[in-house]
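S.K.: Let chain A serve as the given structure and place chain B on it in line with the hints.
There are 2 protein chains.
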Amino acid sequence: MNNEEKKEGGKLYIVGVGPGNPRIRTLEAIESIKKSNVIVAYTTYAELIKDLTEGKEVITAKMKEEIFRTKVSVEKALEGNVVSLVSSGDPQVYGMAGLTLEYICRKGINLDVEIVPGVTAANAAAARLGSPLSLDYVVLSLSDLLIPREEILHKAKMATLGDFVIVLYNPINKPLLLETMKIIRENRKEDTPVGIVKKAYRENEKDIITNLKDWEKYVNEIDMITTIIVGNSRTFVCNGKMITPRGYSNKYEF
Amino acid sequence: MNNEEKKEGGKLYIVGVGPGNPRIRTLEAIESIKKSNVIVAYTTYAELIKDLTEGKEVITAKMKEEIFRTKVSVEKALEGNVVSLVSSGDPQVYGMAGLTLEYICRKGINLDVEIVPGVTAANAAAARLGSPLSLDYVVLSLSDLLIPREEILHKAKMATLGDFVIVLYNPINKPLLLETMKIIRENRKEDTPVGIVKKAYRENEKDIITNLKDWEKYVNEIDMITTIIVGNSRTFVCNGKMITPRGYSNKYEF
Chain A
1 MNNEEKKEGG
11 KLYIVGVGPG
21 NPRIRTLEAI
31 ESIKKSNVIV
41 AYTTYAELIK
51 DLTEGKEVIT
61 AKMKEEIFRT
71 KVSVEKALEG
81 NVVSLVSSGD
91 PQVYGMAGLT
101 LEYICRKGIN
111 LDVEIVPGVT
121 AANAAAARLG
131 SPLSLDYVVL
141 SLSDLLIPRE
151 EILHKAKMAT
161 LGDFVIVLYN
171 PINKPLLLET
181 MKIIRENRKE
191 DTPVGIVKKA
201 YRENEKDIIT
211 NLKDWEKYVN
221 EIDMITTIIV
231 GNSRTFVCNG
241 KMITPRGYSN
251 KYEF
Chain B
1 MNNEEKKEGG
11 KLYIVGVGPG
21 NPRIRTLEAI
31 ESIKKSNVIV
41 AYTTYAELIK
51 DLTEGKEVIT
61 AKMKEEIFRT
71 KVSVEKALEG
81 NVVSLVSSGD
91 PQVYGMAGLT
101 LEYICRKGIN
111 LDVEIVPGVT
121 AANAAAARLG
131 SPLSLDYVVL
141 SLSDLLIPRE
151 EILHKAKMAT
161 LGDFVIVLYN
171 PINKPLLLET
181 MKIIRENRKE
191 DTPVGIVKKA
201 YRENEKDIIT
211 NLKDWEKYVN
221 EIDMITTIIV
231 GNSRTFVCNG
241 KMITPRGYSN
251 KYEF
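In order, the protein sequences belong to chains A and B. Residue 116 in the UniProt record's numbering is what sits at position 116 of the first sequence, and the numbering runs on without skipping anything. Residue 1 in the UniProt record's numbering is what sits at position 1 of the second sequence, and the numbering runs on without skipping anything.
Accuracy of the hints is not assured; some may be wrong.
No copy labels: a pair is met if it fits in one copy or bridges any two.
Taking lysine-lysine pairs in the DSSO-like style, the calculated list, with each CA pair at most 27 Å apart, reads [claimed, not checked]:
#1 K251 <-> K62
#2 K34 <-> K174
#3 K189 <-> K157
#4 K157 <-> K182
#5 K11 <-> K206
#6 K206 <-> K189
#7 K34 <-> K189
#8 K174 <-> K50
#9 K199 <-> K50
#10 K107 <-> K189
#11 K56 <-> K206
#12 K217 <-> K50
#13 K213 <-> K62
#14 K56 <-> K189
#15 K198 <-> K251
#16 K189 <-> K11
#17 K213 <-> K34
Keep in mind that the hints were calculated from the coordinates and are not lab data.
Here chain A stands alone, though its shape is the one from the complex:
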């Protein structure tokens, strides 16, 4: 295949559409999808953007078929199509951008690619809880499909020792979640606030604020698309909101 020849007119957008509510999409994400004639998405996300894809070729694939989605997106773009490869949240954060750029690099493909950022689950979930992310934070995936669990646990430990607010994605592996939370709890106070957000900005959303002592009561609420936010040493709960202060009240009179 001669990529140079096939490139003309082809373009690949790797698009993040935020947490799944049309109102939390960016204009750029909407425009990129509208400009595309081919849309590639994980089945659930294809459903969430149906309002934008009428009359377009929509290629869906199931979970764990990331490489298929990458290949078909690149192929379609090389054929001269304008393609949107769609992730929820931000397309980099455990989405399709990294894999696709890596694939293009390793195959030596020449293609016009644009990453369209989105509101990732950390920021979306945090907005539903109050303002837990008002100081330095860590975004950590608990999926051990591609990353060894020892590495994930080491990261959890360093994040805890650094007193970062910790945002956990993909907590599908319960034993790994339990182990991670144990490491955090060993180094943080029992009453450290923990926020659990399920389906932020979507139907049947559920937001829970608990703490490191009691969070396990809600373990059955936690699934693949739940985001968990563990506060740092300063985080507190007030009026049902989880707040990480940045230190203004130490320095200034309110």
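M.R.: Using the frame of chain A, we list chain B on its own:
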């Protein structure tokens, strides 16, 4: 002051408008601002949302006047106005959400508040560099106005030892930036990619990809609104893009 009486009809949106380009705003951010009759913003951001604020009362304030912005926003909302308190990026991430919720809490104020998330600089800058955030990352502010520098340096060290991709915000204090980068370099290879993004998605944007050995050559490019992204042990540069692979190529055939 009887807050209960004054509350009627009043509402406070704490809104993130993303990196400053109207195309990277969410629909929810646009709608919140449009619904408001009072807008409170740092002077520069008020300029960036001028297209949305015609005919509204716009209250601007300079940097370091965060407490003034908080107070006036809350007061205006308590008087019955619909108010948007606007931050760039996401309103939690070194924006106005944390301080405002803390203020409302400490003063015992009863007010309808909604946080409207946005695309924060980490995700916006990363999109311009390729896909550096495709594995676990840390967001760390280098502003020591409110947080002791020892705490910032400790966080930088733990983030480095955890092999997180590290996103540095507010690198205005040059000695602190140099010290932070020194800590990172002591624990990472010299050729670890470093991305420097100035004014992502705005006029006169500048994107630089360098590495831990050479980044200091660009130190004079770095100002308050620059975002710096340091790769982890896996991050590489290919076709001018900074990519953090998530490990697919170890597990699957491309």
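S.K.: Give me the numbers of the hints this structure contradicts, sorted from smallest to largest.
M.R.: Of the numbered hints given earlier, those the structure breaks are 2, 7, 8, 11, 12, 13, 14, 15, 16 and 17, listed in rising order.
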